[in-house]
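**Student:** Okay, here's what each chain looks like letter by letter:
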Amino acid sequence: MEKTTYNFKEVMSKPERLAPGHRMCAGCGGTITVRTVLRALEEGDKAVIGNATGCLEVSSFMYPYTAYEDSYIHNAFENAGATLSGVETAYHVLKKKGKIQDNFKFITFGGDGGTYDIGFQSLSGAMERGHDMVYVCYDNGAYMNTGTQRSSATPQYADTTTTPAGKVSAGKVQVRKDLAAIMAEHHIPYVGQSTFTSNFKDLYTKAQKAIYTPGAAFLNVMSPCPRGWGYEPSEMMNICRLAVDTCYWPVFEVIEGRWILNYEPKNKLPIEEFLRPQRRFKHLFKKENEELIGKFQEEIDKRWEELRNRCS
Amino acid sequence: MAIRERLSGNEAVAYAIRQVNPDVMPAFPITPSTEIPQYVANYIANGEIDTEFIHVESEHSAMSATIGASAAGARAITATSSCGMALMWEELYVAASNRLPIVLALVNRALSGPININADHSDSMGARDTGWIQIYAESNQEVYDNFIQAFPIAEDKRVHLPVMVCQDGFITSHGVENILLVEDDKVKNFVGEYEPEHYLLNEAEKMAIGPYAVSNYYMETKRAQRQAMINAREVILEVAARFEEMTGRRYSFFEEYQMEDAEYAVVIIGSAAGTCKAAVDEIRSATGKKVGLIKIRVFRPFPEEEIAKALSKVKAAAIMDRSEMFSATSGPLGAEIRAALYQAHSTVDVVNYFYGLGGRDITVSDFEKVYQKLETIAQTHVVTDMYTYIGLRSTQSEEV
Chain A
1 MEKTTYNFKE VMSKPERLAP GHRMCAGCGG TITVRTVLRA LEEGDKAVIG NATGCLEVSS
61 FMYPYTAYED SYIHNAFENA GATLSGVETA YHVLKKKGKI QDNFKFITFG GDGGTYDIGF
121 QSLSGAMERG HDMVYVCYDN GAYMNTGTQR SSATPQYADT TTTPAGKVSA GKVQVRKDLA
181 AIMAEHHIPY VGQSTFTSNF KDLYTKAQKA IYTPGAAFLN VMSPCPRGWG YEPSEMMNIC
241 RLAVDTCYWP VFEVIEGRWI LNYEPKNKLP IEEFLRPQRR FKHLFKKENE ELIGKFQEEI
301 DKRWEELRNR CS
Chain B
1001 MAIRERLSGN EAVAYAIRQV NPDVMPAFPI TPSTEIPQYV ANYIANGEID TEFIHVESEH
1061 SAMSATIGAS AAGARAITAT SSCGMALMWE ELYVAASNRL PIVLALVNRA LSGPININAD
1121 HSDSMGARDT GWIQIYAESN QEVYDNFIQA FPIAEDKRVH LPVMVCQDGF ITSHGVENIL
1181 LVEDDKVKNF VGEYEPEHYL LNEAEKMAIG PYAVSNYYME TKRAQRQAMI NAREVILEVA
1241 ARFEEMTGRR YSFFEEYQME DAEYAVVIIG SAAGTCKAAV DEIRSATGKK VGLIKIRVFR
1301 PFPEEEIAKA LSKVKAAAIM DRSEMFSATS GPLGAEIRAA LYQAHSTVDV VNYFYGLGGR
1361 DITVSDFEKV YQKLETIAQT HVVTDMYTYI GLRSTQSEEV
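Chains as they are written, first to last, in my numbering: chain A, 1 to 312; chain B, 1001 to 1400.
These are calculated hints, taken from the structure and not from any lab test.
You may find that some hints are simply not true.
Result set (DSS-like, lysine-lysine): computed pairs, CA atoms no more than 25 Å apart in a straight line [to be verified]:
no.: 1; chain 1: A; residue 1: K46; chain 2: A; residue 2: K97
no.: 2; chain 1: B; residue 1: K1206; chain 2: A; residue 2: K97
no.: 3; chain 1: A; residue 1: K201; chain 2: A; residue 2: K266
no.: 4; chain 1: A; residue 1: K167; chain 2: A; residue 2: K9
no.: 5; chain 1: B; residue 1: K1188; chain 2: B; residue 2: K1206
no.: 6; chain 1: A; residue 1: K167; chain 2: A; residue 2: K14
no.: 7; chain 1: A; residue 1: K295; chain 2: A; residue 2: K282
no.: 8; chain 1: A; residue 1: K177; chain 2: A; residue 2: K46
no.: 9; chain 1: A; residue 1: K167; chain 2: A; residue 2: K282
no.: 10; chain 1: B; residue 1: K1188; chain 2: A; residue 2: K95
no.: 11; chain 1: B; residue 1: K1157; chain 2: B; residue 2: K1222
no.: 12; chain 1: B; residue 1: K1309; chain 2: B; residue 2: K1373
no.: 13; chain 1: A; residue 1: K97; chain 2: B; residue 2: K1290
no.: 14; chain 1: A; residue 1: K266; chain 2: A; residue 2: K287
no.: 15; chain 1: B; residue 1: K1206; chain 2: A; residue 2: K95
no.: 16; chain 1: A; residue 1: K46; chain 2: A; residue 2: K99
no.: 17; chain 1: A; residue 1: K96; chain 2: B; residue 2: K1186
no.: 18; chain 1: A; residue 1: K268; chain 2: A; residue 2: K177
no.: 19; chain 1: A; residue 1: K14; chain 2: B; residue 2: K1186
no.: 20; chain 1: A; residue 1: K97; chain 2: A; residue 2: K167
no.: 21; chain 1: B; residue 1: K1369; chain 2: A; residue 2: K99
no.: 22; chain 1: B; residue 1: K1157; chain 2: A; residue 2: K97
no.: 23; chain 1: B; residue 1: K1186; chain 2: B; residue 2: K1290
no.: 24; chain 1: A; residue 1: K96; chain 2: B; residue 2: K1313
no.: 25; chain 1: A; residue 1: K99; chain 2: B; residue 2: K1157
no.: 26; chain 1: B; residue 1: K1186; chain 2: B; residue 2: K1206
no.: 27; chain 1: B; residue 1: K1315; chain 2: B; residue 2: K1369
no.: 28; chain 1: A; residue 1: K201; chain 2: A; residue 2: K46
no.: 29; chain 1: A; residue 1: K95; chain 2: A; residue 2: K177
no.: 30; chain 1: B; residue 1: K1313; chain 2: B; residue 2: K1289
no.: 31; chain 1: A; residue 1: K46; chain 2: B; residue 2: K1206
no.: 32; chain 1: B; residue 1: K1315; chain 2: A; residue 2: K96
no.: 33; chain 1: A; residue 1: K302; chain 2: A; residue 2: K266
no.: 34; chain 1: B; residue 1: K1206; chain 2: A; residue 2: K99
no.: 35; chain 1: A; residue 1: K167; chain 2: A; residue 2: K46
no.: 36; chain 1: A; residue 1: K266; chain 2: A; residue 2: K295
no.: 37; chain 1: B; residue 1: K1290; chain 2: A; residue 2: K99
no.: 38; chain 1: A; residue 1: K97; chain 2: B; residue 2: K1186
no.: 39; chain 1: B; residue 1: K1186; chain 2: B; residue 2: K1157
no.: 40; chain 1: A; residue 1: K9; chain 2: A; residue 2: K46
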């Protein structure tokens, strides 16, 4: 199942399954997540792609154009899990009845709003029932489609349009939900947390494992949003590197309940390095907010320790 | 030969599901429809059907998964009641606009609040504008017959719309009645093999479903749905004719009971029609007064012209609503019938009653009073209120 070698050039020259011409923003992380995950499909395999309502859906399937090379279904905001579970179940019945011969894979994409929040119940149900499908959350840490409102994936202190930093507010009050851990607690066969590393090996191989592990699989992919986070689109790869090297976004996987840390920075960078380039954290660098960066660091350190313990 | 049985309405639906053997059934328990998925789960547990059951975690997910399965190319059904269907509300629209031939067994129950588990039509009447075909039943026999007919109606290429097969909670869903069942092979033959044209798992073509459609396109989709609903009229009658050929039981948009010479008519939906028929029989035999009944079977599409015609010769009519719509005027059926009569330039005097909300009983003597009232209205041409109540316990009771 797992390929022993990873050839960047070879992987990148596989045919695109998300066609160009969609209307996602320049430098959108979500689009890169979709392309990378879909590249992990074997070329002979068919797929049905699901999608929660969000930036991705309204920009990639605008009637009468679809950007998907595969069959695709969007239903609503909060039910990508349930919808694809219906598709997957139909596949098993029709296959059993001999009405379908081909192999189909089932992959659904949702943003963090549609996954951590409004679609959480639907996701949990689909994972608990063990459908042979992959739920991919492209986590950009806010409701970006409606204009950067706070979600439960939004990091603490982030300035969003519903948690604006102001005279008496330092942005979002609460810390972010750890959705990958919650999905791991569903005891499904595969959970992966990833983002974009320099050669995309981490996300590509996790997508392969998620797609080709029988049963329910969940991928949580940090997918930066230049508009919502406030950085130059060309800085995306640097932002991702800083997220991983500060341990803000650890990359790990949980295979059959076994926690594996995929990357441990040699020099764990201070969280300021990740926060500074982003407009959403600008207010943290004001003199009166200095201690908040310390609190942010404490939360990062605590979670990193917890993760290392789980992975030991 | 038909099979003689004694079944509850829920058992009858489950029996029909076993005969149809649909591909996928996602469902979530809610009183009084819970028994339907339970019976189906038993059929599956004993290898009697090939249906895959999806144990969803809510009704919203039940309809979402049903939509997914139907879009994928499966014959997909679900069952629910009341708040369960209210939770599906968003998805009811998606199912209809995606033109998916889903069949939903709805066991009518009052909507909260206050929470109430008994029969009224507030759930399905609340969903009357979602784009679903709605078929109602008086008895367990009708529930069974309607459920079987729902598949060829929904799946007809001229229609491609979801169908809601409604029955009154507890009154028919749990009440056991004599029933004539059709043989398995005849039912299978009647509904046929499901062969969708376009679906996600089609190996010959790919498909994308559920687009974002801007104002350049949205309106045409709604017009297309309307056309499907218009087309459903003839398909419902064609399917009913085929069903009559198979069983001898006759169905149409509505049933006319003693309407040939009727001067006073009640228009009603669902199980209370049986009580009203008893009143009609008693009045006719005791007094010879010409009273009749129209029982609506198909509420969506609404048989406007046909009903206006059926009421064209009566002197006065009482429209019975088993749900509120809080317009502060008519109930849902009252409003539809009044519109139909206006359109037909009818001058028949109409009174609108609310009855049976949250399962409140309605009796033969209640209907007798309604017919008496109609007689007075016909003589005086005075309808004092747009609407009135039966069995309301209050100082402001407008009880007849």
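**Student:** Which of the numbered hints above does this structure break?
**Tutor:** As far as the earlier hints go, 4, 5, 6, 8, 13, 14, 19, 20, 21, 23, 24, 26, 29, 32, 35, 37 are violated by this structure, in ascending order.
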